Amino acid sequence: MATVESPASPQLRSGVEPLRAGQGSSFIWRKLHSLLGIVPIGAFLLEHLLSNYEALKGPLAYGNQVKFLNSLPMVRVLEWVFIFLPLLYHGLYGFYIWLRGKSNVVYYPWAGNWMYTIQRYTGLIALAYIIQHVWRQRFTGVMLPENPYYAFHKVQVELSNPWMLAIYVIAMIAICWHFAYGVWLFAAKWGITPGVNARRRFGYVCIALGIGLACLGLAGIFAFVGPWYPSAPIPTP
Amino acid sequence: MAERTVIFEIKRQANPDAPAVWERFEIPWRHGMNVISALMDIAGNPVTADGRQTTPITYDSNCLEEICGSCAMLINGKARMACSALIDNLEQPIRIEPLTKFPLVRDLQVDRSVLFENLKRVKAWVPIDGTYDLGPGPRVYPQQQETNYPLSNCISCTCCMEVCPQFNVETGFVGAATIAQVKLFNNHPTGKVFKEERLRALAGDGGVQECGYAQNCVEACPKQLPLTTAISDIGRDVVVQKVQDWLRS
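If you read the protein sequences in the order shown, they are chains F and V.
Following this note's numbering, the numbering of the first sequence begins with 1 at its first residue and continues without gaps.
Following this note's numbering, the numbering of the second sequence begins with 1 at its first residue and continues without gaps.
Only true hints are included.
Computed Cβ-Cβ distance ranges for the label pairs, DEER-style: (1) Val106(F) <-> Ala43(V): 30 to 40 Å; (2) Ser25(F) <-> Asn45(V): 50 to 60 Å; (3) Gln143(V) <-> Tyr93(F): 35 to 45 Å; (4) Val126(V) <-> Tyr93(F): 33 to 43 Å.
Calculated lysine-lysine pairs in the PhoX-like style (CA-CA distance at most 25 Å, straight line): (5) Lys78(V) <-> Lys11(V); (6) Lys123(V) <-> Lys31(F); (7) Lys11(V) <-> Lys102(F); (8) Lys195(V) <-> Lys31(F); (9) Lys192(V) <-> Lys120(V); (10) Lys67(F) <-> Lys57(F); (11) Lys242(V) <-> Lys31(F); (12) Lys192(V) <-> Lys123(V); (13) Lys102(F) <-> Lys78(V); (14) Lys78(V) <-> Lys223(V); (15) Lys242(V) <-> Lys195(V); (16) Lys120(V) <-> Lys242(V); (17) Lys242(V) <-> Lys192(V); (18) Lys31(F) <-> Lys102(F); (19) Lys242(V) <-> Lys123(V).
Treat the hints as calculated values from the structure; they're not laboratory data.
All values reported here derive from a predicted model rather than from experimental measurement.
No residue lacks a Cβ here, since even glycine has one placed at the ideal position from N, Cα and C.
Please model the complete structure; the sequences and the hints are all you need to start from.
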């Protein structure tokens, strides 16, 4: 006797995996990424922009600042442990985070979603810029740790190329944006500002921080290209 | 006099492996109609706009008053509840698609069991089972109720997960709804017995750390749950729990 053929239940494609409760180590890596963005990277950014600001006082003052920084105890160790390695990790892991997110700002063009997307692009600009910046200013050309008073001249030659100047200005704005919103994100995600009003108010603080840092950084850049020290000679201390 | 009509473009798929096709429908306008009532009208007379006979459209729905959480779908590209999507407020032609982040069953029906599985993995319940009468539960003060009630409004519609850029196959992120329920049950005087287990669960792969704080969840939530506040609070609680675990291990 023939039986009624019942359709087999459809074989569903696998979707998003459920939570791997208590398994894996992505928590520590992700939190490390988040923390490193504030300390030491953010702290170093502040130091770097403040140091650059010394350039407004002229080649000698700038050279003195470079000399001071390079006279810190164990400066090469500090440089690698607190600057290069954290930057490398934050940049590469950040890129990995970007690859795993699926931006949908086209469909949901909300403010937070825009900021999510912009945070990724500014991060990429920052990573690309920092790689060339460290390579060209720290590891090639005149070695500034040994010749701190060449610092102003080295940067001025670099910025005499208008394309390079444009790259520096764009990267400065992108980095200050990325840091300022990163501070806001840190406070939100680590539960420092859980309240809606607290997040909004802290948002204003971070906007001021970002604008302030960008102004500070741009002022430092224009010390080299402005009318104050054209083709400055190497100062003698 | 020309009868007033409503035009729909609906993305259909006969089974998980079939190709997706768009069908266009033109149905008579009725006062106060919503997307679900329109889908019912189409089911009553499943004929496309060009006069071709077709099958009724498959979709999930139940309560028709935005409380059961069944009928989430993409309406004009946005994830929302179909029952509360009033036709008069929508731009035509109204494009209807299934949610994109969940395995498709047929037409507009998707399998959202990942949310149920996530809720189980964080023990999103109050444990009261026992072999004897446990007596009345502890009192929940009105101040606590003020915090907890909005979180208890979750209808498991998965809109927050659909709109989340981090909720995808790569991350396996748990999504805002489950995190909000962890906060709800951790706040409960009896439910908090599982607090540490829930927080440890959320530190696993796909846990709260995957949140990118795009805040789409809180924008999309049809029940206005304070999802970003919950993620923030639970994010802190998970860090505190993990630090304690490391220091006490």
